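Spelled out from the first residue to the last, the chains are:
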Amino acid sequence: MACENNKSLLRGYFDGELDLVRNLEFEEHLKTCPDCAQELGDQQALRDSLQAANLYERAPESLRNRIRAALPAEARPQPIAMPRRPVLEWLAVAAAILIAVFLGAKVLPNIGGQKQNLVAEEIVASHIRSMQPGHLYDVESTDQHTVKPWFDGKLDFAPPVVDLKEQGFPLVGGRLDYVDHRNVAALVYQRRKHFINVFVWPEESSAAKLPEVQTIQGYNLVYWSHNGMNFCAASDLNIAEIRQFAGLLEQ
Amino acid sequence: MGEQKRGPGPVGTFEQVVLPHMDAAYNLARWLVRNTSDAEDMVQEAYLRAFKFFGGYQGGDARAWVLKIVRNTCYSFFEKNRPAELAEEFDEKIHTAETEQAGAEATLLKSADSRMLREALDELPVNFREVIVLRELEGMSYKEIAEVTGVPIGTVMSGLARARTQLRERLLHARAKEEQGGLRK
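As given, the protein sequences belong to chains A and B, one line each in that order. The first sequence: position 131 = 131 (the working numbering), numbered continuously. The second sequence: position 108 = 1108 (the working numbering), numbered continuously.
Chain A extracted, bound-state conformation (with noise of 0.2 Å):
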C-alpha cells in the first residue's frame, strides 16, 4: 500500500494531472519511498493491461449510415450522394432487391413501375420526416381505444388499429398523414428504440402496388393489403422484424 499522506498526490502524478512543481517533489518522494513506488508499478501494469487488450469499440458504418439518414438534411456531410458502403452491405442491399423484385413479380400484380416508387418514396419521406422532433405523432396514445376513434371524422376510412404490445411491438400513437395524392392514417408502433410507421389506405383509391420488400435510403419498408386495405410499414428496423410484425397486424 502506497503511504498515506501522499495517496492523491500519486493518483495525480499517475493520470499527469500535477502541476510542474508538484510533480517534481513526487518524483523526489518517490526515489525514497518503496511503498509509493511499487503502487505506482501496480498502476502502470494495470493500465499497460487494458491498453493491450483492445478494448476501445469503434462505431459500426451501419451505425452511422443509419445516423446519417435520420439526421434532417443539413446536419449531414455534404456531398450526401451515396454513402460509401461496405461490400456486404451492398450484397444485403442487392439481396434484399432482388427478394423484393421476386416476391413483387410473383405475388402482386406490377401496375404502373414509375408510380409504385413514387408512393414509396413518399412513404420514406414520411416516415423520414416523422422521425424529426415533434412530428411523430397527432395523437400519442398505447391505448388502441384511443387511437381509433381519433380517426373518426379525418378520415373516410376506418383503420384497423390493434396494439402488439404483449408481442413486443406496442402501439405508441398516430397521426394523419399523406401519401399517393390521399390522407392516409399513420399508425405508430416502436421495437426497443426504433419506430415503426404503418401507413394504411384503401385499396381501391390507389393505383399503385408497390413491391412486399423493398429498401431505400436504408430504411426497409414491407407492404401488404388485406380486407380491402393497403398497408406499408416503413422503418429502420431489420427486415426480418418487420416482417413478424407485418405477419402480426395481418392476423
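Honestly, the hints are just simulated from the structure, not real lab data. Errors might be hidden in some of the hints.
Said to hold, decoys possible - Keeping only pairs whose Cα atoms sit at most 25 Å apart, straight-line, the calculated BS3-like set for lysine-lysine is:
| id | chain 1 | residue 1 | chain 2 | residue 2 |
| --- | --- | --- | --- | --- |
| 1 | B | K1068 | B | K1052 |
| 2 | A | K193 | B | K1110 |
| 3 | A | K31 | B | K1110 |
Fair warning: this is a prediction, and the values are worked out from it, not measured in the lab.
For this one, chain A is given, so just place chain B on it according to the hints.
Relative to the frame of chain A, chain B by itself:
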C-alpha cells in the same frame, strides 16, 4: 432552446463538431449498456438529441459535450429499463489474499488477458465502469470526465481510485481462480 438555429455559428456546423465523435460516443455507450444493439440505439438517440440542442452548444470541448448527452441517454434508459443497474451496491470486500511479494501483483496484472479484462470491466458497477472507460480508453482528463459525468473533480478522483482498486481486485481474483482451476486439472 434555440432549436431552430442550426446554421454554421462561430463554433462550426453540427457536421464538423459532433459527427467526428461517433467512435467515442459508441465506445462509451457500448461499455455502459454492455451490448451492441442497445448501444447503437443509445448513440442514435443521443445524436438526434445533440442535433436538437446544438443551438445551445457554446463551443468548448465538443467530445465532452457529446459524451455527456450519450451518458444522459444511457442513464435515462437504465432508469426506465434496468433500474437495478443504478441501484447496484458495490461489494467492496471481495479482497483477494494480499500478495506479499513486492511486484507480485504487477506481474499478475500484466498476465491478465483481454477476455479477463473485458469481463472484469463489464462486472464493475456503472459509475465505476464509466470513469475507467473515460480515463483509460478515452484518455480524458479529470476535468473532462467531470464535465461528462456532472460531478466535481474531487469526486472524479476518488471514484477513479475506487474503480481502479475494484478492477484490480476482480482481475486478481479471476487470475487466482484460473490458477486454482489449472492446478486441479
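Quick rundown of the hints versus the structure:
Pair hint K1068 (chain B) plus K1052 (chain B) holds up; C-alpha atoms about 14 Å apart against a cutoff of 25 Å. About 40 Å separates the Cα atoms of K193 (chain A) and K1110 (chain B), which puts this hinted pair outside 25 Å; it is violated. Note on K31 (chain A) and K1110 (chain B): the hinted pairing holds, with a Cα-Cα distance of about 23 Å set against a maximum of 25 Å.
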